[in-house]
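A.B. asks: Here's the letter readout for the chains.
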Amino acid sequence: TQLLEQSPQFLSIQEGENLTVYCNSSSVFSSLQWYRQEPGEGPVLLVTVVTGGEVKKLKRLTFQFGDARKDSSLHITAAQPGDTGLYLCAGAYMEYGNKLVFGAGTILRVKS
Amino acid sequence: ETGVTQSPTHLIKTRGQQVTLRCSSQSGHNTVSWYQQALGQGPQFIFQYYREEENGRGNFPPRFSGLQFPNYSSELNVNALELDDSALYLCASSSTGELFFGEGSRLTVL
Chain F
304 TQLLEQSPQF
314 LSIQEGENLT
324 VYCNSSSVFS
334 SLQWYRQEPG
344 EGPVLLVTVV
354 TGGEVKKLKR
364 LTFQFGDARK
374 DSSLHITAAQ
384 PGDTGLYLCA
394 GAYMEYGNKL
404 VFGAGTILRV
414 KS
Chain C
204 ETGVTQSPTH
214 LIKTRGQQVT
224 LRCSSQSGHN
234 TVSWYQQALG
244 QGPQFIFQYY
254 REEENGRGNF
264 PPRFSGLQFP
274 NYSSELNVNA
284 LELDDSALYL
294 CASSSTGELF
304 FGEGSRLTVL
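Note that the protein sequences, when read in sequence, are chains F and C.
Reading the first sequence from the start, the letters are residues 304 to 415 in our numbering.
Reading the second sequence from the start, the letters are residues 204 to 313 in our numbering.
Hints listed in this document are in silico derivations from the structure and should not be mistaken for laboratory results.
Bear in mind the structure is a predicted one, so any value in this text is a computation, not a measurement.
Some hints here could point you the wrong way.
[What the hints assert, rightly or not] Pair by pair, the computed Cβ-Cβ distance ranges are: (1) C:Thr223 / F:Arg363: 38 to 44 Å; (2) F:Glu308 / C:Glu301: 21 to 27 Å; (3) C:Asn282 / F:Ile410: 30 to 36 Å.
Glycine included, each C-beta is placed from N, C-alpha and C at the ideal position.
The shape of chain F in the complex, shown without the other chains:
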């Protein structure tokens, strides 16, 4: 069983649409990170959230950390083909020595 669940697993949308990706856990995160990975490359960090209720914005991307620090969301406004990739959330848990645990990822495909 996954400690950290991501949904949806796959998302195919048209350019200009909005989308939201979710990351949920039954345990409290010390911190949570979102990564984007393109084929043939390693994941690249987008954002780190630490405080419950925190909202961070990165251009058209909005990241939210749940008040209880058990969930997070990534919202993309007006998606573009360049947003295509694998989006991964990764949580740090105190009971795991704060080593990052990754979700299975959401494959996003934005069609022009």
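Chain C: place on chain F using the hints.
C.D. replies: Just chain C, lined up with the frame of chain F:
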């Protein structure tokens, strides 16, 4: 450009063989973590090295072992390869908690 380099980028082995993967960490980073990413999955934590000592291990058998050198570069060794070991092996270096990943080594076991 993350500064983390991994070698080889691709390799093919047969069951029962042994493999060594190498990682050169970003300048100034004293911590290296290794992850296994199977096709269609997120990365799974193998282990982490901090200043040449193992500093945490995931749910992987002992045939997965590693080293970190004084210059903080690292090796991942896998003995007695199994078909399920086919995956992308990612190395990430860090100093303040933020991970910087290399492009990975794609291992195929036949």
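A.B. asks: Each hint should be assessed against the structure and marked as holding or not.
C.D. replies: Now for the hints, and whether the structure bears them out:
1. C:Thr223 / F:Arg363: 38 to 44 Å: At 42 Å between Cβs, range holds.
2. F:Glu308 / C:Glu301: 21 to 27 Å: holds, 24 Å
3. C:Asn282 / F:Ile410: 30 to 36 Å: Given a distance of about 33 Å, which is inside 30 to 36 Å, the answer is holds.
Going down the numbered hints, you'll see the structure goes against none, and every one checks out.
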